[in-house]
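Colleague: Take the two lone chains, each set in its own frame, and fit them into one complex as the hints suggest.
In case you want the letters, here they are:
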Amino acid sequence: MKVALFIPCYIDQFFPDVGGATVKILKKFDLKIDYPLEQTCCGQPAFNSGYWSEAKVLAEKFLKIFRNYDYIVSPSASCTSMVRVFYPEILKDENTKEITAKFFELTEFLTKILRVESTEAEFNHSVAYHDSCHALRELGIKDSPRVLLRNVKKIKLLEIEDGDRCCGFGGTFAVKFPEISTEMAKSKVDNIIKTGAEFVTSTDSSCLMHIGGYMSKNGVKVKTIHIAQILANF
Amino acid sequence: MKETYTPLRFKENALRFIQDEKRRANLNRAIHHTLSKRIEVVSELPDWEILRQRAHDIRKEAIENIWHYIEIFEKKATENGIKVIYASDAIEARNQVLEIAKRINAKLCVKSKSMVSEEIGLREFLEENGIETVETDLGEFIVQLAGEKPSHITAPAMHKSRDEIGKLFAEKLGVEFTSIPEELTRIARGFLRDKFLNADIGISGANFLVAETGSIVIVENEGNAGLSTTLPKIHIAIAGIEKVIPRLSDLTVFFKVLGRSATAQRFTSYVSLINSPRGQKPDSPEEIYLILLDNGRTHLLKSEKLKEALYCIKCGACMLACPVYQTVGGHSYGWVYPGPIGSILASAQLGLEKATPLPFASSLCGKCHEICPVKIEIHHILVWLRHQAVEHKRTSRTEKLIFKLWLFAMKDAKIYKAGAKLLRFLKKIGIKPSLKAWSRTREFPQIAEKSFREIWEKELKN
Ligand code: SF4
Numbered sequence: 000m001k002v003a004l005f006i007p008c009y010i011d012q013f014f015p016d017v018g019g020a021t022v023k024i025l026k027k028f029d030l031k032i033d034y035p036l037e038q039t040c041c042g043q044p045a046f047n048s049g050y051w052s053e054a055k056v057l058a059e060k061f062l063k064i065f066r067n068y069d070y071i072v073s074p075s076a077s078c079t080s081m082v083r084v085f086y087p088e089i090l091k092d093e094n095t096k097e098i099t100a101k102f103f104e105l106t107e108f109l110t111k112i113l114r115v116e117s118t119e120a121e122f123n124h125s126v127a128y129h130d131s132c133h134a135l136r137e138l139g140i141k142d143s144p145r146v147l148l149r150n151v152k153k154i155k156l157l158e159i160e161d162g163d164r165c166c167g168f169g170g171t172f173a174v175k176f177p178e179i180s181t182e183m184a185k186s187k188v189d190n191i192i193k194t195g196a197e198f199v200t201s202t203d204s205s206c207l208m209h210i211g212g213y214m215s216k217n218g219v220k221v222k223t224i225h226i227a228q229i230l231a232n233f
Numbered sequence: 000m001k002e003t004y005t006p007l008r009f010k011e012n013a014l015r016f017i018q019d020e021k022r023r024a025n026l027n028r029a030i031h032h033t034l035s036k037r038i039e040v041v042s043e044l045p046d047w048e049i050l051r052q053r054a055h056d057i058r059k060e061a062i063e064n065i066w067h068y069i070e071i072f073e074k075k076a077t078e079n080g081i082k083v084i085y086a087s088d089a090i091e092a093r094n095q096v097l098e099i100a101k102r103i104n105a106k107l108c109v110k111s112k113s114m115v116s117e118e119i120g121l122r123e124f125l126e127e128n129g130i131e132t133v134e135t136d137l138g139e140f141i142v143q144l145a146g147e148k149p150s151h152i153t154a155p156a157m158h159k160s161r162d163e164i165g166k167l168f169a170e171k172l173g174v175e176f177t178s179i180p181e182e183l184t185r186i187a188r189g190f191l192r193d194k195f196l197n198a199d200i201g202i203s204g205a206n207f208l209v210a211e212t213g214s215i216v217i218v219e220n221e222g223n224a225g226l227s228t229t230l231p232k233i234h235i236a237i238a239g240i241e242k243v244i245p246r247l248s249d250l251t252v253f254f255k256v257l258g259r260s261a262t263a264q265r266f267t268s269y270v271s272l273i274n275s276p277r278g279q280k281p282d283s284p285e286e287i288y289l290i291l292l293d294n295g296r297t298h299l300l301k302s303e304k305l306k307e308a309l310y311c312i313k314c315g316a317c318m319l320a321c322p323v324y325q326t327v328g329g330h331s332y333g334w335v336y337p338g339p340i341g342s343i344l345a346s347a348q349l350g351l352e353k354a355t356p357l358p359f360a361s362s363l364c365g366k367c368h369e370i371c372p373v374k375i376e377i378h379h380i381l382v383w384l385r386h387q388a389v390e391h392k393r394t395s396r397t398e399k400l401i402f403k404l405w406l407f408a409m410k411d412a413k414i415y416k417a418g419a420k421l422l423r424f425l426k427k428i429g430i431k432p433s434l435k436a437w438s439r440t441r442e443f444p445q446i447a448e449k450s451f452r453e454i455w456e457k458e459l460k461n
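Note that the protein sequences, when read in sequence, are chains L and X.
The numbering of the first sequence is numbering that gives the first Met the number 0, which starts it at 0 and goes up by one.
The numbering of the second sequence is numbering that gives the first Met the number 0, which starts it at 0 and goes up by one.
This is chain X alone, in the form it adopts within the complex (with noise of 0.2 Å):
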């Protein structure tokens, strides 16, 4: 999987996807459960789009003036004794961690679902360096099990059916196969508790950081992150910088929008609000990191088209809506945010260079722009995203010189006229020229007789 999983193999592996019935069957079945149970939700709340403004505008202030808030949001989570750190780069990030655990000498870590930590490589690095470190939500065990990535970020095993995770769980676990949702739960649960009980170091993400309060908000269904980030003697935070939200009162338009949008759920299960290590709550872990990443977030708020990409909450509802996510699957566009939006970040994190299929690999619909809880203008940033293609000379110089010339016959009608002739001729001649990309499995239309200008001006003018 690894040599593919790049975004510039994004059409080769969306063809082996389309091809693979099974999986493009199991993807759909999961994507219509969870579609179709959210507009159940969604429409019992008749403020729904005020609410999704609501949350725009607060994401717009946050990430405007995100250095005013991260300055809060660390004053005052250090007077509440959480250590905040500063990470460049997935690298710095890593090593941060590394230098932690090396330091309690930590052997087992179990980690709560992360995309950042996703993002950075973190648990692979970890394992490098000879500590075991457990993916303890469900769906993340998973995949982990199965060697694989996450294809969704927030249902990441949404490519596996019960009965792939059954005969996965009997292979790797020893345990009898079963493929009952209840039973497989179990099964996990078992295999977590001990990990749970003898990890040195607990890793979590974070959904929001408050700066008014300077709390880590986690929102999670199985209450692994709240074990993850209580049972450990050290919990370590990781979350991108964006991250920040003003103030707690925001967390009520924000809870609200996001439970429906990533999993169609009135509310998660369970919230933690983490505001200090031990010492004030019996709890609590002995000390909490909080490390803030950037990985090429300042390069997005430099930019004014790029900037909005970061008021992603990352709910996910942009990939289960996207017509080209349901057809290719999370995994092929190569990358850990998958879809729509995916395909912004990665442009501007990895560099054009790394990710120039992925602003392409759109009809450019706008459902990704109509089901965002935050109403991020993706498939506008997405055409941005070609154009920059197009000046950083990502497009093929055929493509090029075809629109050249296109653009030599549109400007002048009767450069035009001339070119329309001209294809008539071919046609009487019998040569139709063809497109093989679109003509081997949709006809192409004839060219009329007439074309309409000539019938205005014969017939219709007067």
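Isolated chain L, as found in the complex (with noise of 0.2 Å):
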């Protein structure tokens, strides 16, 4: 099987450990895996601002560095639906769908390929999950990460108050309504609050980036960390 990478650009540059989990998990279960070293973006800023035609070429880009791969698996939701939902929409090729089809969100792979429900990983914390939109309702990711999760030793697992309503991210939308973002974050972060967690996960870096910005901003002690990094624990 041969399998690839994709690291979305902002966790090369910010978050590399969730990276270093990921591959860390996926070579726990004797996978052979390829970083192209090729790959900067998926698109998506582009795309969700409008900017289809710049959006259109990193697409393009990205189906010829991973087109002779079995799978590729990224740990990231919003990076998946982007490709997997989005690249048919703006690209009319009729073979697009044949690569992005094997485009899988990290948790999806694991439970739906490679049919694992647990990697052993032990995690002492209570744990509050955030769905993050792209997951939940473009992919529909809702047990994967869940199930993985409560097999994690050790580990509390807690649900959030109205957990499948948007933090207030959104890309751009943060930045061009930014207060009207920070009274999603803010309804979000006060939920969060509520479950008493020591940590908040997700399956998207974004999300967390928005919501651990608000919180570390605000003086809010709960601590973020990449869904990866809790099931790598092992």
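Just to be clear, a hint being listed does not mean it is correct.
[Said to hold, decoys possible] In silico DSSO-like pairs for lysine-lysine, Cα to Cα no more than 30 Å straight-line:
hint	chain 1	residue 1	chain 2	residue 2
1	L	Lys-193	X	Lys-36
2	X	Lys-74	L	Lys-216
3	L	Lys-27	X	Lys-449
4	L	Lys-60	X	Lys-460
5	L	Lys-96	X	Lys-59
6	L	Lys-96	X	Lys-403
7	L	Lys-175	X	Lys-403
8	X	Lys-374	L	Lys-141
9	L	Lys-216	X	Lys-427
10	L	Lys-220	X	Lys-435
11	L	Lys-60	X	Lys-392
12	L	Lys-23	X	Lys-36
13	X	Lys-59	L	Lys-175
14	L	Lys-185	X	Lys-148
15	L	Lys-60	X	Lys-420
16	X	Lys-304	L	Lys-63
17	L	Lys-101	X	Lys-460
18	L	Lys-220	X	Lys-426
19	X	Lys-399	L	Lys-175
20	L	Lys-55	X	Lys-304
21	L	Lys-222	X	Lys-427
22	L	Lys-55	X	Lys-374
23	X	Lys-10	L	Lys-175
24	L	Lys-60	X	Lys-449
25	X	Lys-413	X	Lys-426
26	X	Lys-460	L	Lys-23
27	L	Lys-216	X	Lys-10
28	X	Lys-304	L	Lys-175
[Claimed, not checked] Partial list, derived from the structure: chain L residues whose beta carbon lies under 7 Å from chain X:
hint	residue
29	Gln-12
30	Gly-167
31	Thr-181
32	Glu-182
33	Met-208
[To be verified] Stretch-level coverage of chain L by chain X, calculated; a stretch enters the list once three of its residues show a Cβ under 8 Å from a Cβ in chain X:
hint	stretch
34	24 to 37
35	44 to 57
Since the hints were made in silico from the structure, they are not lab data.
Note that the structure is predicted; figures quoted are calculated from it, not measured.
Using N, Cα and C, we set each Cβ at its ideal position, and we do this for glycine too.
Modeller: In structure tokens form, the structure reads like this:
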């Protein structure tokens, strides 16, 4: 099985440990993984802002790089949805779907393709799980991360009230409408605090960057951690 | 309110609302109440998803063959004695109504709830022309008294608390203050009774137009639409052309999804199926007119992408469920149809130049699509509209330049790497590029010592 890793640009530069954790998990299951160095960004920021011709250039580049793998795995549901849901929208090439269908977010790859329900990790903390909108509503990822987290030893997994409500990130939305976006972050963080969790985790570093950014600005002590980093704790 | 009531002022309207804690609390209390009840009445139906799909399919069939079904509808309705009139825009529609009113020398109109009449500014227009026009839906009555606009399409006064309504009634109707809902309803009813009895014309909207039978279908909860469409001698219904559905039996699907989605009810209290004027039935008006309004709808029909927005049955669920709507309230959008679907309709009906901020005012979370009873891919259409905005140069030059530079860097891993290196160098010498719009309320993460690709090459590869 030829598996390629896609590490989104902002994880590459800001949260490299998430990439490291992903590699560690995949290696545990005896996969030979490749990380094509020509990769950069999936094009989502441009696509979501309406700059589709710019996004298209990157989409084409992306498909060229990843064309020959059996699977492409990424620790980001957001980028996965860009590729799997939106590439076919901007690239009219018939073969697009053949390649994009092989792209999986890490937790769904583990549970649905590898059929693994535990990474034998241990995490002695209380953790609230945050559903990223792209995971939940574009890709229908709801159970995969929960199953994997539940099987982490010593973890206390908590649900957030109104858990399917957006954290307010939304890419450029967060800077175009900072006040609205911040209010949404506030509601989310209020509900996270209510769980009493020490950590909040998610399939997406982008949500965590937003939630975490709001929390540290406002002195909230809850820490953010990407799900891969919990699952790689073995 | 008038000068700020435009999509172009969305951002400042939103800011004002965000700071108005009382208003927000009122709104969110009402939303929470409806949404939690909705979960209950939806979960009773194990085949909810099948129903949604069915509703979607019927609306699709109707819109894909709209002219065919309108033709059948018109033929049937005309045979039944309803006078069907086309209006291509708001001006035409308003003038049609005025012409009828003038012909019979009408002094007083009673109006039941109709968003289309809000869309064309009918009440204001009739009043300017000396015809008293009274809203008879309780929520609409409240916003009319307050001189405001509806903040939601099925619950127009949802931004107001009982206390505010009590004060408004005391001030405008000269009654004693009360905030008990039943009492408030009683006061409004008392005031409206005379109006119903003396009205020359009853104006209504329509929820559906059934092609098969030529029926105008109205669902409601207060009985006021029933009275508005039967007591006065003349009934004028106004409906967007998209309201047509093929068959009478389709209603069984829509009745199940509409009440639940709009007001979290299993079924609305009243349904009127209006088929023909007096002659056949004694309790019908002497004349019934149906104004079929285009007002930009054929523009939506022409676009494969926008067409789907016409499936909308105006239940308002996508507004309630939208975290942006919940944060900024309905008035901020500055357009009769607020929230996510409203942002699409505004862009299509008013033109992007008059509505540009709206498609961008969404985090694209997809809640609207998830809740929509006819499964419109609202959030995907919003992204497409953003694309249109870019194509039509509705975004700033700076933004365009940023994306050009960004693409230049992302197109080639070597340039991307050099860019990241530059950022690390800047960090080292103490310069951290900051984005105020982000940083004012949220910390921005630091660029990592080493990028993942460096770690990969040095440590992980083998
Ligand atoms: S788009 Fe869907 S949810 Fe929104 S008002 Fe229309 S039918 Fe209701």
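Colleague: Would you pick out the hints that fail for this structure and give their numbers low to high?
Modeller: Violated hints (numbers, rising): 2, 12, 13; every other hint is consistent with the structure.
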